[in-house]
Structure formats: structure tokens, C-alpha cells
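A.B. asks: Chain by chain, the residues run as shown.
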Amino acid sequence: MKSQNKSLNFSRRNFLKTSVLAGGGMLIGFNLLSACRPEAIVPVDISKLNFNDFNAFIKISEEGYVTIFSPNPEIGQGVKTSMPMIIAEELDVSWDKVSVAQGLYDPVNYQRQVAGGSQSIRFGWDALRQTGATTKQMLVNAAAAKWGVEASTCSASQGIITNANGDTLGYGEVVKEAAILEIPENVSLKESKDYNIIGQDIKNVDIHKIITGKPLFGLDYISEGMVYASVLRPPAFGKKLASFDDRITKGINGVLEVVKFGNKIAVLGSNTWAAMKGKKALVAEWKNDAKLESTKDHDTELFKILNGKKFETNREDGNVESAFRNADKIIERTYESPFLPHNCMEPMNFYAHVTPEKVHLVGPIQTPAWTASKISKLLNRKPEEIHLEMTRMGGGFGRRLYGDFAEEAAQISNITKKPIKVVFSREDDMTAGTYRPAIKYRIKASIKDGKITGYHLKEAAINGNMYGLIANFFPAGCIPNYKVSTANYKSKITTGAWRAPYTNFLAFAEQSFFNELATELDKDHPSLLIELLQNVKGTKDERIQYSPERMEETIKLAVKKSNWGNTTEGTYQGFSAYYSHNTHVAEVADIVMKNGIPLVKKVTVAVDCGIVVNPLGAKNQVEGGVIDGVGHAMYGNFSFKEGTPQAVNFDNYRLIRMQETPEVSTHFVESGLSPTGLGEPGLPPAGGAVANAIHTATGERLLKQPFINELEMSKSKILG
Amino acid sequence: MPNYTLKINGEQVTVTVDADTPLLWVLRDELTMVGTKFGCGIAQCGACTVHINNTAVRSCSLPISSIEGESITTIEGLSDNGTHPVQEAWKEIDVPQCGYCQAGQIMTAAAFLKENSSPTKEEIREAMHGNICRCASYNRIEKAVELAAKNS
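Protein sequences, first through last, are from chains A and B.
Basically the numbering used here = 1-based index in the first sequence + 19.
Basically the numbering used here = 1-based index in the second sequence + 4.
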């Protein structure tokens with residue numbers, strides 16, 4: 020396995036350092052972040068390093084217990100469990116000797132960490148295995164030296180080193196010696212058939228704390244003398260603060276201080292309730308600062324884009340215009356999605372204490388490095404004065420990539436010099452969002468002699484467009500004349516990444532469209548996809564992101580496991596398949612109709628994510644992603660009227676709940692290939708599978724999310 | 005500010021807060037019992053669920069003045085070290101993803117099973133419908149409630 024040796028040469032210089040611990044035991048420092056992001060800074064010369072240059076650590080005690088300090092942000096995607104599993108596998112210790120702690124080192128070193136893009140496992144795979152394997156080899160080398168034998172005659176398994184005579188030493192017995200040895204150069208990695216931990220069902224490492232209500236989350240963080248801040252922000256995008264009156268607020272028990280910063284007003288209270296009450300009692304006047312946008316304005320603008328000619332071309336193969344001219348038949352459809360708020364169950368919050376010495380920040384954040392750097396600039400403080408600690412996060416979904424709430428906390432503490440925690444109410448959380456932008460896709464295809472000859476996808480989106488790689492997803496390479504064009508409308512409404520950015524809606528549009536093409540060609544939807552995939556096999560086009568072979572296998576597995584085409588009376592099926600975030604997924608939705616409204620009974624999912632590190636956690640991610648995808652396609656509805664969000668809390672914003680939840684049956688394609696991420700890829704195909712099942716049931720094509728609005732409208736038409 | 009005396013997890017507690025302060029914020033801010041979570045503030049999501057005399061209630065919308073003298077159980081007091089059958093089932097099924105809503109889910113399930121010790125699937129789904137899990141761990145919540153019913 021040449022590639023592994025190549026990366027080992029790279030790694031032994033860069034990423035490990037060992038040391039004897041004063042209290043006994045061995046400490047191994049390594050950069051997990053070099054693992055997580057390709058652009059992460061990796062130190063060059065190990066001789067000049069100290070432990071502060073590392074952000075992840077393994078401690079092996081003299082009793083043989085292993086503690087892995089995991090630095091990666093945990094947002095519910097399970098990396099706090101799965102990443103240490105990979106180390107423990109190659110270190111070759113039994114999982115019950117392993118405990119996992121959130122990294123506790125100088126928070127300055129928490130600056131190269133991020134959770135996003137389903138990338139932690141994919142980029143961590145090689146480095147995590149090398150860390151474990153190299154450490155194991157050092158322990159073996161130490162034992163061999165102790166016995167006076169060649170290391171090659173010794174082996175290690177389950178924390179025990181054995182030599183040719185059958186003598187044994189536990190890892191703990193040689194840690195002191197191992198820690199001062201040179202870092203070995205050629206370590207071998209296990210073959211997947213020898214795995215003891217990877218591939219096993221390992222439970223969430225925080226489960227006991229979660230089910231007994233121990234403090235874990237940002238909202239649970241408390242410091243001596245801390246006070247609470249509730250912030251009044253402009254009520255509409257495009258408004259700014261004119262004046263305010265805080266007389267009533269200041270008369271409320273527990274209100275300590277009212278502070279204006281920028282266009283916002285913070286009410287500080289000795290408890291959360293006082294701060295929230297104080298905010299509600301503020302009387303503020305706002306003035307218009309920009310055009311106040313409504314959803315109907317966005318609709319007009321996006322349609323103007325779709326009907327116009329100002330597009331960027333993301334990819335172009337052949338000539339779609341000529342294919343359209345020569346077609347037997349043209350099909351064109353426009354698919355529409357609303358904005359969506361993230362609605363993490365833990366509302367946004369952050370702690371800040373600004374003192375002359377440092378800026379201490381604690382809270383739930385997916386991007387500690389970016390946020391620390393923004394706050395350093397905002398407060399004009401040196402980067403090394405920013406100390407940021409991460410807590411477990413009550414959901415992320417992309418919202419916690421944006422540190423606006425941490426910046427607010429830093430600003431308020433900077434003004435008041437108090438240790439404060441900004442707490443968003445649900446209304447704050449839903450109305451001061453970084454929303455999934457509203458997008459419209461127009462897809463046009465040509466059919467000639469029973470074949471799809473041309474395909475043109477146009478994207479009109481708010482504020483930004485799909486990232487470059489997406490144009491190289493399916494069906495790129497499958498259709499000779501293919502084009503992806505994008506354009507956007509700049510809006511005042513803040514938008515950002517939302518679980519599976521762009522593909523969360525694009526997959527619905529594309530797979531609904533292919534379902535329609537299949538109907539038109541009188542073909543079965545999965546068969547049509549498989550037929551098209553043959554065209555890209557053996558391609559030399561390196562831009563193509565997906566694997567046609569893996570996609571075909573995944574589709575076939577979903578077809579088989581879902582009993583595709585053989586349903587009981589009254590149950591209707593819909594198919595959808597999508598590649599995103601390096602993972603191939605196919606889904607079949609089984610629905611029943613009740614009074615014109617679908618109830619999704621079951622979703623059968625086939626997934627190819629390579630080696631499944633932790634099947635128990637992996638299934639949880641897929642189940643959650645699918646139900647999330649079904650829920651938002653069915654119910655997610657968020658609109659604006661004159662810059663003001665029209666939903667503010669769960670009484671007028673509908674999230675999927677237990678009785679609407681399908682059973683999710685998850686099946687992994689057996690694979691020895693490197694693992695890829697699972698936080699996102701289960702979601703995108705779900706909406707299309709449901710829409711296609713609704714078409715099977717009713718003949719109606721749903722082109723607009725949320726489905727519930729369209730269905731209620733059809734129902735009222737029928738009922739008159 | 006007035007004093008209020010409550011019995012929380014078997015212990016008599018007196019707090020001095022405004023009459024309209026919701027039980028949620030008394031627990032979290034005054035008593036630093038942060039296991040009970042804030043989700044929506046309007047009794048719509050269930051993250052703040054606690055028991056008053058064995059009945060599941062939404063602590064975010066219960067002013068302290070309305071529950072003077074009541075006996076309250078929170079997630080911290082549901083059992084000794086997470087040994088309640090519902091908590092055991094949550095561990096066994098490995099329910100949580102982010103974990104934030106789970107204390108509320110567990111409290112809802114525990115109160116429900118006290119009322120109905122051998123529920124049908126449909127009854128479980130109905131009983132748990134009021135608690136939102138944004139990670140959508142609903143399949144496992146359903147299984148864990150079934151398992152807890154079997155084991156208790």
C-alpha cells in the first residue's frame with residue numbers, strides 16, 4: 020500500500036511528539052486538525068516543538084489506561100466517539116480501557132478546529148490511524164529494548180506486548196521508556212479484516228452525562244459573577260435603531276444595565292428571566308436603512324434572473340442549445356424553495372469576559388478559529404489574548420459556523436467589563452438567523468430517439484451560488500450536452516450554510532426531474548439512473564466527483580432492501596439517489612395518503628460511505644438526516660414581509676414531530692474503502708423520494724417546498 | 005421580592021424571585037440545576053419538561069407563584085445515577101445525537117410510562133409527539149420507550 024507509506028513519511032516529521040508525564044505515564048501530542056482540514060497548519064520541525072503546538076493528545080497511564088483528548092467540535096455528529104475509536108484501533112487497546120475527554124489545553128491552541136462539511140472522518144482517517152499505529156510501535160520498541168530482543172520479534176494486541184518466548188508486558192509498564200524513544204519511521208497499519216473496534220457498535224461517549232442532565236452545553240456554562248444579556252436587534256432586515264427608551268426596563272427587578280452597541284441594545288440581568296423581561300420592556304424606534312424585502316419581491320427577482328440571460332457558467336459539455344433545437348421533446352420545470360432557519364434546539368448563546376489581560380470566550384461554536392480571529396479584530400486585541408473554549412453543542416446544522424452571537428457577547432463584555440452570557444430567546448434565534456437562502460432551479464432537458472440528449476440546470480439563488488464542485492455531481496458526464504448556470508440576487512437578509520448547503524434542495528429538484536424524465540421515457544426511475552451511469556464509467560474527466568460504480572451499487576441495494584415495486588395496497592413508493600459530501604446515498608420512501616395529505620411510513624436508505632467506523636453512530640446520523648430532510652421538505656416554511664420574518668417560534672414554525680416520523684431502515688454498502696462523512700449526505704435525497712412517492716399516489720408533481728402548502732392548496736381546490 | 009418554598013427532588017428549597025419567574029429559570033439560574041433545558045419558552049418543544057407530582061409539565065411556562073409548595077422532580081432527581089428504566093433504555097438504544105432535548109424526552113417518557121405501563125406503538129408516538137428533537141432521533145426515542153416499558 021504505497022500511498023500509506025508516502026503519508027507516513029510526511030507524518031513522522033510533523034505530527035507527533037511524546038513526553039514522560041511528571042505524574043507517571045506517557046503523553047503523545049499530535050495535530051488532529053492537520054487531519055480535519057487540508058489547509059490546517061502543520062508544524063514543520065518537530066525538534067523545535069513544544070506541546071502547545073499540538074491540539075490533540077493521548078495519555079497512557081502506567082496502569083495502561085488510555086485517555087484521548089479530542090479537540091473537535093461536537094455538534095451531535097458523533098466525532099467525539101468515532102475519531103478516538105480510530106486511534107484506539109491502531110493503538111490496539113480494548114475500548115473499555117479508553118476514556119475520551121474534550122481537549123483541556125490552553126484554549127489558544129483550539130484555533131484550528133472546525134465542524135462542517137462532513138469532513139472530520141474523511142480527512143482524519145489517515146492521520147488518526149498513523150497516530151495510533153506509531154504510538155503502538157514505540158511501545159513495542161520500548162518493550163523489545165527492555166527484553167534485549169529485536170522489536171520485529173514482538174507483537175502487541177489489546178494493550179499487551181508479547182515476545183517470541185511468550186513473555187508479556189502491558190503498555191503501562193513501558194510508557195516511561197517509550198516516551199523518550201525516537202518516533203519510528205515505518206509503521207504498518209492494520210488491514211480492515213483485523214479491526215476490533217472500527218466496525219463495532221460503540222455508544223456515544225457522553226451518553227451518561229446527557230441522560231443524567233450534567234452540564235455539557237454552552238447554555239449550561241456558569242462562571243463566578245456572570246450576568247445574563249438579552250439583546251434587542253432590529254425587528255426587520257433593512258431597519259436600524261433611531262432611538263430607545265429604557266425607563267420601564269430599568270425598573271424591573273434584576274435588571275442591572277442597559278447598553279447600546281451598534282444597532283442593538285443589550286439588557287443585562289442578574290438572571291436570564293430578568294434580562295429577557297427587560298428586553299421586552301424596551302421601547303425602541305427604528306428607521307428604514309434599506310429596502311424592506313418581502314418574499315414576493317424575492318420571487319419576482321429570482322424569476323427575473325431565471326428568465327434573463329445574466330448567468331455564470333459552472334460547467335458546459337457539448338452544446339445544449341443545439342440539443343434542444345434537435346429534440347423530439349423538451350421538458351422544463353422550475354422548482355422553488357423558501358428560506359429556512361436552522362432552529363438548533365439549544366438557542367444561540369455565548370459567554371465572554373473581557374479583561375485587560377485577555378478575552379475569555381466560552382460556548383458552542385463550529386468555527387473557533389474564525390470566530391476568535393473576528394473578535395480579535397473587532398476588539399482590537401492581539402490574537403494570543405483571545406482564549407476560546409468550546410462546549411458540546413445542542414445542534415449546529417451550519418448555524419454555529421457564524422460567530423455573530425460570540426461577537427455580540429464580546430462587544431457587550433468589552434463595554435461593561437462584566438463576565439456576561441448572551442442568551443437568545445427562540446424568537447431571537449429564529450429572527451436573527453443566517454438562513455438557508457431561497458433558491459429556484461429551472462431544469463430543461465431534451466429527449467431525442469428515446470435518449471436524454473441535453474440537460475441545462477439554472478440556479479437563481481439569494482446572495483450566493485452553489486460551490487464549484489456541485490456542477491460535477493450527477494448527471495455531469497452522463498449526458499452529452501450538459502450545462503450548469505448560476506446567478507444570484509443580493510439581499511439584505513443574512514444567509515449561510517444549512518445542513519448540506521445547496522444540495523439540500525438541489526437533490527429534490529434534480530431527482531424529481533429525473534422521475535419525470537423516467538415517466539416520459541416509460542422507464543423505472545432507478546433503472547434510468549443506472550442506465551445513465553454507464554455513460555460515465557471509465558471517464559478520464561477528473562472533475563467528475565461521484566463514482567458511477569458506487570452509485571450503481573447503492574441504487575441496487577436500495578431497490579433490493581425496499582422491496583421496490585412490490586408494495587401492499589394503499590402504500591406508494593418514490594425513489595431518489597444523490598451523491599454529496601463524498602458519500603453515495605439512495606432512498607425509497609413508502610407513503611400512505613390520509614385525506615389528501617401524505618404520511619411517510621418508511622424510508623429505506625442505502626449508503627456507501629466506505630468503511631463504517633461506528634455503525635451505531637452512523638445509523639443515527641442517517642436516520643436523523645433522512646427525517647430532517649423529510650420534515651423540512653414537508654413543512655419547512657419561512658417567509659418575510661417587509662424585512663420581517665413571519666415565523667418566530669414553534670407555534671407558527673412547524674418542525675417534524677414523532678407522529679409524522681417515518682421508520683428509517685438503513686443499509687450500508689460493504690466496503691473496504693476509506694470512510695467518508697455522514698452528517699449531511701442522508702438529507703438531500705429525502706425530499707425527492709417523498710415527492711416522487713406523492714406523484715405515484717396522486718399523479719401530482721410537487722415543484723415547490725414545503726409540500727404541505729401545495730397539498731393543502733390542491734385539497735381546497737378539490738373541495739371547492 | 006417574595007420567597008417561594010418548593011420540594012425539588014425530595015429536598016425543601018426556598019428561593020427569592022419575582023412571582024412571574026418560570027420554574028425553568030429558577031432551576032437553571034437560582035439553583036444551578038442545568039439539566040432542564042430552555043428550548044422555546046412557550047411550552048411548544050418539551051426541552052424543559054419536569055414532573056410535578058408525577059405529571060409531566062413544561063417548566064418554561066410555569067410561574068413559580070403558581071406552584072408554591074409543589075413536589076418537583078427534575079432529570080437530576082429522576083433516579084440515582086441514571087438508573088431509571090427510561091434512562092437505562094436511552095443508554096441501551098444509544099438515543100442521543102446532540103443530546104440537548106433528551107432530558108425533556110426522558111422526563112416525558114417517564115411520566116407517560118407511569119400512567120401507561122404497556123403502551124402500544126401508536127400510544128408511544130402520541131405521547132412523545134410534543135417533544136421536538138431537531139436531530140430527529142425519533143426512531144430511537146420510540147424504541148427506547150418501548151424497551152423501558154418492557155423492562156419496568
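In case anyone wonders, no lab produced these hints; they're calculated from the structure.
A virtual CB, placed ideally from N, CA and C, is assigned to each residue, including glycine.
There may be inaccurate statements among the hints.
What the hints assert, rightly or not - Part of the chain B face toward chain A, derived, beta carbon under 8 Å:
hint, residue
1, Thr36
2, Gly103
3, Pro123
4, Met132
What the hints assert, rightly or not - Simulated coverage check for chain A against chain B, where a stretch passes if three residues somewhere in it have a Cβ under 8 Å from a Cβ of chain B:
hint, segment
5, 314-327
6, 559-568
7, 716-726
A.B. asks: If a hint holds in the structure, say so; if it does not, say that too.
C.D. replies: Now for the hints, and whether the structure bears them out:
no.	hint	in the structure
1	Thr36	holds (6 Å)
2	Gly103	holds (4 Å)
3	Pro123	violated (13 Å)
4	Met132	holds (4 Å)
5	314-327	violated (count 0)
6	559-568	violated (count 0)
7	716-726	violated (count 0)
Of the numbered hints stated above, those contradicted by the structure are hints 3, 5, 6 and 7, listed in ascending order.
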